[in-house]
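Q: Read off the chains here:
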Amino acid sequence: MKWALVGVIVGATTVGEVLQAIGMRRHGEIRDFRLGALGRLLSVLVRNWMVVASVVAMAVSFFAYLGLLTVSELSFAVPVTAVTCVLETVLAKYVLKEHVSWLRWAGASLVVFGVALVSA
Amino acid sequence: MTAAGPITKETARLRWKTWACAAVVVASNVSGNYLLKSGMPAELPTPLAYITVLFRPEVTLGVLLLILWLASRLALFSWADLSYVLPVTSIGYVLVAIAGRVLLHEQISNKRWVGIALIMAGVALVGGGTAPQTYSRETTRGDRR
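So the protein lines, in turn, are chains A and B. The first sequence runs 17 to 136 under the numbering used here. The second sequence runs 3 to 147 under the numbering used here.
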């Protein structure tokens, strides 16, 4: 049960965040943060299937995480789900074609090790 | 115009905007999760309990803050790299540990301090050492004013 939930969380988070990044990049940089513009933005984003799918995936991940917290300790749940950071950096390079320099690899790895130590 | 070009003014503008938005992402995530955790009962026995728990005041406020987290992160992704946002917003883990010490008087062991140092080093490497945006803007359809 515990590991099934971890699988759902890691899978849904990874898919959700990558879709979110692709969907928002296609939209382009948000420059106008006034209320009216944000309202118009919302009406555009609800028709962006990638953004909608990403929110659904994040919701699946959120409820699975609530479930995981009821069957395991926070010190297990936090580091095990932080693994998505490295997984998504790989996808950022190959799917999103980002320039992932050695500084970013080092940074992402340090963060994952750090999270494991902080939560242990 | 490409992000890799030597447009220092544009790079600086994007970096400040990224840091400001990342601060909102981290603050809303940490406070939202804290409220959610403190308002959550020990058990959620039935599927219905997952829904009814949302109507506890602390949980409701926590969920609202997590909606702000989602919105600010969507904004951040509209210009910043995924491989930049993920490590940089991980500073939230450090804030949770510090908040536990300050608010709940939890002990921070040596192992945890090492973890905090590693996370901060990772955030500094990515946040200070790399530009927020590395892909070409020609590939996006964004508004260019």
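The set of hints was computed from the structure by calculation and includes no laboratory data. Hints may be right or wrong, so weigh each one.
Distance windows between CB atoms, simulated [claimed, not checked]:
#	chain 1	residue 1	chain 2	residue 2	range
1	A	T86	B	T62	36 to 46 Å
2	A	K18	B	V116	40 to 50 Å
3	A	R63	B	N112	28 to 38 Å
4	A	V68	B	A119	31 to 41 Å
5	B	A101	A	V68	30 to 40 Å
6	A	G44	B	S111	23 to 33 Å
7	A	V72	B	A51	13 to 23 Å
8	A	V72	B	W115	17 to 27 Å
9	A	R47	B	A133	32 to 42 Å
10	B	I53	A	M17	46 to 56 Å
11	A	V72	B	K113	29 to 39 Å
12	A	M17	B	E60	23 to 33 Å
When the alpha-carbon atoms are kept at most 16 Å apart in a straight line, the in silico EDC-like pairs for lysine to aspartate or glutamate are as follows [said to hold, decoys possible]:
#	chain 1	residue 1	chain 2	residue 2
13	B	K39	A	E89
14	B	K19	A	E45
15	B	K19	A	E89
16	A	K18	A	E89
17	B	K39	B	E60
Each residue gets a CB set at the ideal place from its N, CA and C atoms; glycine is no exception.
Q: State for each hint whether it applies.
A: Do the hints match the structure? See the list:
1. A/T86 <-> B/T62: 36 to 46 Å: Since the Cβ atoms of A/T86 and B/T62 sit about 20 Å apart, the hinted range of 36 to 46 Å is violated.
2. A/K18 <-> B/V116: 40 to 50 Å: violated, 27 Å
3. A/R63 <-> B/N112: 28 to 38 Å: violated, 52 Å
4. A/V68 <-> B/A119: 31 to 41 Å: holds, 39 Å
5. B/A101 <-> A/V68: 30 to 40 Å: holds, 33 Å
6. A/G44 <-> B/S111: 23 to 33 Å: Since the Cβ atoms of A/G44 and B/S111 sit about 46 Å apart, the hinted range of 23 to 33 Å is violated.
7. A/V72 <-> B/A51: 13 to 23 Å: Given about 22 Å between the Cβ atoms, the range holds.
8. A/V72 <-> B/W115: 17 to 27 Å: violated, 39 Å
9. A/R47 <-> B/A133: 32 to 42 Å: violated, 18 Å
10. B/I53 <-> A/M17: 46 to 56 Å: violated, 21 Å
11. A/V72 <-> B/K113: 29 to 39 Å: Holds: the Cβ-Cβ distance is about 37 Å, inside 29 to 39 Å.
12. A/M17 <-> B/E60: 23 to 33 Å: holds, 27 Å
13. B/K39 <-> A/E89: holds, 12 Å
14. B/K19 <-> A/E45: holds, 11 Å
15. B/K19 <-> A/E89: violated, 36 Å
16. A/K18 <-> A/E89: holds, 11 Å
17. B/K39 <-> B/E60: holds, 9 Å
The structure fails hints 1, 2, 3, 6, 8, 9, 10 and 15 (numbered hints given earlier, in ascending order).
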